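Line by line, the protein sequences give chains R, D, U and A.
Counted the way the working numbering counts, the first sequence spans residues 595 to 1333.
Counted the way the working numbering counts, the second sequence spans residues 109 to 193.
Counted the way the working numbering counts, the third sequence spans residues 109 to 193.
Counted the way the working numbering counts, the fourth sequence spans residues 79 to 316.
Simulated from the structure, these hints should not be mistaken for laboratory data.
Model, not experiment: these values are computed from the prediction.
Do not rely on the hints blindly, as some may be mistaken.
In the DMTMM-like style, the derived pairs of lysine to aspartate or glutamate whose C-alpha atoms are separated by at most 20 angstroms in a straight line are [said to hold, decoys possible]:
#1 D:150 x U:145
#2 U:150 x D:182
#3 D:150 x D:121
#4 D:150 x U:157
#5 U:150 x D:161
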Amino acid sequence: MRAEPLHRALGLTDEEAVQVERRLGRPPNPTELAMFAAMWSEHCSYKSSKVHLATLPTRGPGVLLGPGEDAGAVDLGDGLACVFKMESHSHPSAIEPVQGAATGVGGIVRDVLSMGARPVALLDPLRFGPLDNPRNRYLLGGVVAGIGQYGNSIGVPTVGGELKFASCHGPNPTINVMCVGLARADRLLGSRGGGPGDLLVLIGAATGRDGIGGVSVLASRTLDADAQGSRPSVQVGDPFAGKLLVEACTELVERGLLEGLKDLGGAGLTCAVSESAARRGLGAELHLDEVPLREPGMEPFEVLTSESQERVLAVVRPELVPRVQEVCERWGLSARVVGKLRRGGTLRVRAGGRVVAEVPARALTDEAPAYRRPLERPHVLDRIREDDPAAAPPPRSLEEAFLAVLGSPGVASARWVFEQFDSLVQGNTVVGPGADAAVIRLEGSVRALALSTDGNGRYGFLDPYLGGAHAVAEAARNVATVGARPLAVTNCLNFGNPERPEVMWAFAEAVRGLGDACRFLGTPVTGGNVSFYNESEGSAVYPTPVVGMVGVIEDYRLLSRTAFPSGNLAIYLLGETRPELGGSQYAEVVLGKVSGRPPALDLEAEARLHRLLRECAAGDVVASAHDLSDGGLAVALAECAVAGGVGFTVSVPDRGLPPHVALFSESASRAVVTARPGREADLEELAASHRVPAVRLGITGGPRLRFEGLFEVPLSDAIVVYEGAVPALMSGRPAAASA
Amino acid sequence: MRFRFEVVVTLREGLLDPQGKTIREALPALGWPNVAEIRVGKHIELVLEAESEAEARAQVEDMARRFLSNPVIEDFRVLAGEGAR
Amino acid sequence: MRFRFEVVVTLREGLLDPQGKTIREALPALGWPNVAEIRVGKHIELVLEAESEAEARAQVEDMARRFLSNPVIEDFRVLAGEGAR
Amino acid sequence: MTLRVGVVVFPGSNDDRDAMRAVRLLGGEAVAVWHRDGKLPEVDAVILPGGFSYGDYLRTGAIARFAPAMAAVRAFAAAGGPVLGICNGFQILCEAGLLPGALIRNRGLAFVCRWVHVRTEGAREGWPEGEVLPVPIKHGEGQFVATPEELERIEGERLVALRYSSSEGLVDERYNPNGSAHGIAGLWNAAGNVLGMMPHPEHAVDPDLGPTGGLQVFEWLFAAARAFAGARPQPAPV
Ligand SMILES: Nc1ncnc2c1ncn2[C@@H]1O[C@H](COP(=O)(O)OP(=O)(O)O)[C@@H](O)[C@H]1O
Ligand SMILES: [Mg+2]
Chain R
595 MRAEPLHRAL
605 GLTDEEAVQV
615 ERRLGRPPNP
625 TELAMFAAMW
635 SEHCSYKSSK
645 VHLATLPTRG
655 PGVLLGPGED
665 AGAVDLGDGL
675 ACVFKMESHS
685 HPSAIEPVQG
695 AATGVGGIVR
705 DVLSMGARPV
715 ALLDPLRFGP
725 LDNPRNRYLL
735 GGVVAGIGQY
745 GNSIGVPTVG
755 GELKFASCHG
765 PNPTINVMCV
775 GLARADRLLG
785 SRGGGPGDLL
795 VLIGAATGRD
805 GIGGVSVLAS
815 RTLDADAQGS
825 RPSVQVGDPF
835 AGKLLVEACT
845 ELVERGLLEG
855 LKDLGGAGLT
865 CAVSESAARR
875 GLGAELHLDE
885 VPLREPGMEP
895 FEVLTSESQE
905 RVLAVVRPEL
915 VPRVQEVCER
925 WGLSARVVGK
935 LRRGGTLRVR
945 AGGRVVAEVP
955 ARALTDEAPA
965 YRRPLERPHV
975 LDRIREDDPA
985 AAPPPRSLEE
995 AFLAVLGSPG
1005 VASARWVFEQ
1015 FDSLVQGNTV
1025 VGPGADAAVI
1035 RLEGSVRALA
1045 LSTDGNGRYG
1055 FLDPYLGGAH
1065 AVAEAARNVA
1075 TVGARPLAVT
1085 NCLNFGNPER
1095 PEVMWAFAEA
1105 VRGLGDACRF
1115 LGTPVTGGNV
1125 SFYNESEGSA
1135 VYPTPVVGMV
1145 GVIEDYRLLS
1155 RTAFPSGNLA
1165 IYLLGETRPE
1175 LGGSQYAEVV
1185 LGKVSGRPPA
1195 LDLEAEARLH
1205 RLLRECAAGD
1215 VVASAHDLSD
1225 GGLAVALAEC
1235 AVAGGVGFTV
1245 SVPDRGLPPH
1255 VALFSESASR
1265 AVVTARPGRE
1275 ADLEELAASH
1285 RVPAVRLGIT
1295 GGPRLRFEGL
1305 FEVPLSDAIV
1315 VYEGAVPALM
1325 SGRPAAASA
Chain D
109 MRFRFEVVVT
119 LREGLLDPQG
129 KTIREALPAL
139 GWPNVAEIRV
149 GKHIELVLEA
159 ESEAEARAQV
169 EDMARRFLSN
179 PVIEDFRVLA
189 GEGAR
Chain U
109 MRFRFEVVVT
119 LREGLLDPQG
129 KTIREALPAL
139 GWPNVAEIRV
149 GKHIELVLEA
159 ESEAEARAQV
169 EDMARRFLSN
179 PVIEDFRVLA
189 GEGAR
Chain A
79 MTLRVGVVVF
89 PGSNDDRDAM
99 RAVRLLGGEA
109 VAVWHRDGKL
119 PEVDAVILPG
129 GFSYGDYLRT
139 GAIARFAPAM
149 AAVRAFAAAG
159 GPVLGICNGF
169 QILCEAGLLP
179 GALIRNRGLA
189 FVCRWVHVRT
199 EGAREGWPEG
209 EVLPVPIKHG
219 EGQFVATPEE
229 LERIEGERLV
239 ALRYSSSEGL
249 VDERYNPNGS
259 AHGIAGLWNA
269 AGNVLGMMPH
279 PEHAVDPDLG
289 PTGGLQVFEW
299 LFAAARAFAG
309 ARPQPAPV
């Protein structure tokens, strides 16, 4: 048998190899081929997704930096910018959960850092297979430990995220992480600053053989049994070095010593140098002999594509280099001049006194291939979508159904996870994990950021367009519920193999849904990440778009919280309930099916609800507010009660719906609120003026959750079920709910 | 009979050892400038019941491979059981 | 010359070892019910420059006592340097 | 007189800014002290802040305690200056031998970030006994351990400053979040001018952000700082 041609071994197709040669006007040498392979991998080039992502709304009055930079940025007023981005670290986490998750945190933090921002918050949407499987417990435990190890050590609070479960995530855990930072708007470091003659300074850790070929092998080929073979390319994170980078980079930015900064992530130096050059319309000279190495005898291609963590590349005016080095030395970091920007567009790499690669920088970046891959709607979907869970007979016992839904791990409290994260460091956490949105105050002001991440894989599976749109709507609703105005969106799109037309169809639909919702709600997309090839052993993840929303609240002292604060408050349901159990938590937990159509989404109604919730908070009309999502009204009421330690008595409005449908329907655009004493009429009036239906359900108080005429549960039992579910599963014992 | 074993778990060659690196870089300031390399691993001491030393060792090897070490990033070695006690 | 040493740092007898305890409690369910004791410590490998093995060992002992272990809770032992390399 | 409180910044300190903010909120002046400085500026009290100095590598506080600034803190404490070690600061004080015992991995092995209650003990100026303070903890290595003899001495000399408790002040294993011996959350040194604690008082001083159990700790620090400043020979007038 003849050996596989080098380009194929590196992950390039034959056609791509031809393209490389055409760009160069000659055959590439192996080093150059490795650079192209790394840069043209799906992970770095977005070659399958680009044409779709181009349809997303990315402009808006507040957008300072859109997609294309390491992270996007929006204007917060008062000279402040919010920098934020979400990314996936699913593949590395499946191989080594602790290090995979840890390095994921490190990477996203450096992205935010690279824009000149100080990271102020992390959120971590997580998706695993069911916890009755020990391997899934091992993965969840490891991922949480890894996020904690890194996030806690670097002093950035982890304030939110998601914890969801589905069988498809067993072999393909989906690990996303979002970082939010703050910068002075006039100090944002795009990739526009600097020019020819400016020096490239490599700051941070030495370069080892970490993740060599990791980009193309680990991230761009379907994960499978032979992932065992790729084990040595696991990267180990060094949170301490990461922390030093945070401090050194923020100091360099504050002192105005940098023209630009880039994280070294996928494709390592090759990516950082070629993008730094190409985005400025320049070329560069790179001297590999100047790169501090951790291991002897590294080949040029290894140095060029190594993904060693805790490194950044700064663009510095020559006369400022000594001052940059002085700051780095203070923080115990190496800072070495490794190259220079130059006119002409060529990236020339030298090692051992000779030129080892010479390629147009743009050929690696902007001129990477873009594919319009075939799309095909999977026909099995039709049958699954026809199977409407609302048509199934009601449950034998509403009470049992309620406890089963409340205690299902995707609904139950994620406390087991988020108590392992420092959510308080930096001293600005007004609302931490466990709420609809986290609230981080802007130091020295009463304004605050509101942050939420959301996605619903079941909806994405049943209708990827709605999956995308709902992710945006729910994230915006969470932010509006605390009283904030949604500003802008980042996202992570988790999908299977894009070479399969069904996967690509779902992707295109999800992006369309995401874009439509963002356009309508006025929240542009400033960045994000695409994670393909989340499939193995023949099964792909649900099409799962996850949205990270940033909002602003004008006075955090007026924010709304989930918890019922006391008894004797009137409880209202805002929004309209329809018989929508398609893709619901109830259908999955009680009926054991993921079927039907996801709830409809009327973006007009959604936007009206958001405005209402905001005015309720600002006018101090409500004493609590919580939006409805997984598990519908029943779960939302229970969460308010558990959070406040205060029971309730409600009568569920029938409106022609069977009780179980009224309780568990997941109709969108709804929230439960309690009125401040004496403000009931104001609330009703306000709701009417926003044309949001408001129904008075009952009253808070007492030690029980009472659904009049249906069933009641002691609050203490609800607490045990809600708080105890995940810990019980993680300990390998059966959950209390099923007892 | 009871047998005692020691298992040493170390990070695989080539992988970054952040602890070792940080300690080595700190040592000169602490008065030990002459340490060239330092790597930090785990040391696990076990006492177990078994019929024979061979059986005990086989079990420890198995445990070390499947549970005490993480083969993705770590190597291990089982050290001479110091015998029953 | 370069000398290699290994330092083993263990929690002092009488102190509860939270890691060891957790591992031992997990073992029966994993199929190893016969482990009576398990303690987790650190294994530190050093390579250092010195004039002689004796000098190197004295330094390692000093480092182990004053820095690599905490005498309040830990014991240490310095293992045979496997010689220069 | 505005009291000046030095906050030592180690590589890896995280809650240094938070401690400085708390000092300012309570009317003090906060001064950052760099770990490489062998001399403290003119200060009336010192805080060793929380975080992960040197990544907690080897052992928590093991590397930080060799910092030049720690020699200065040791001298400051020996002269009677008040020193507060929070979380990693507590760990460093134990490593440095300024407080007895040590802090090891939590009983449950996992990092814990949670609001807890602690009860005050060892009454002294600015520190009433029996107060119950709501404060957050956030640590992976906060299990206080000491030899039985050492524990006996700690109890005998009444060196316990804080124990984990219920919101009513009941000390019981149920409320012990990390397995600390005798439920110990904070300790005095024998002279009573050095206080180390795992909870984070600096995150419990601002009513906008939650309960304010940390105020009590800063009241002690400020009272002790005032007394120390008063007793210190004043610079001669020029
Ligand atoms: N992995 C996680 N890390 C941190 N916080 C989490 C995580 N998973 C869930 N949470 C928190 O638990 C709360 C409930 O999550 P979720 O049910 O998804 O909220 P919602 O329905 O409002 O979107 C949120 O505050 C969320 O931030
Ligand atoms: Mg919500």
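Evaluation of the provided hints:
A hinted pair counts as satisfied when its Cα atoms are at most 20 angstroms apart, and residue 150 of chain D with residue 145 of chain U qualifies at roughly 16 angstroms. Proximity of residue 150 of chain U to residue 182 of chain D is assessed by CA-CA distance (about 14 angstroms); at most 20 angstroms being required, the pair is judged to hold. Proposed proximity of residue 150 of chain D and residue 121 of chain D is supported: the alpha carbons are some 15 angstroms apart, at most 20 angstroms. For a cut-off of 20 angstroms, the pair hint linking residue 150 of chain D to residue 157 of chain U is broken: about 24 angstroms separates their Cα positions.
Note on residue 150 of chain U and residue 161 of chain D: the hinted pairing is violated, with a Cα-Cα distance of about 25 angstroms set against a maximum of 20 angstroms.
Hints 4 and 5 from the earlier list are contradicted by this structure; the remaining hints agree with it.
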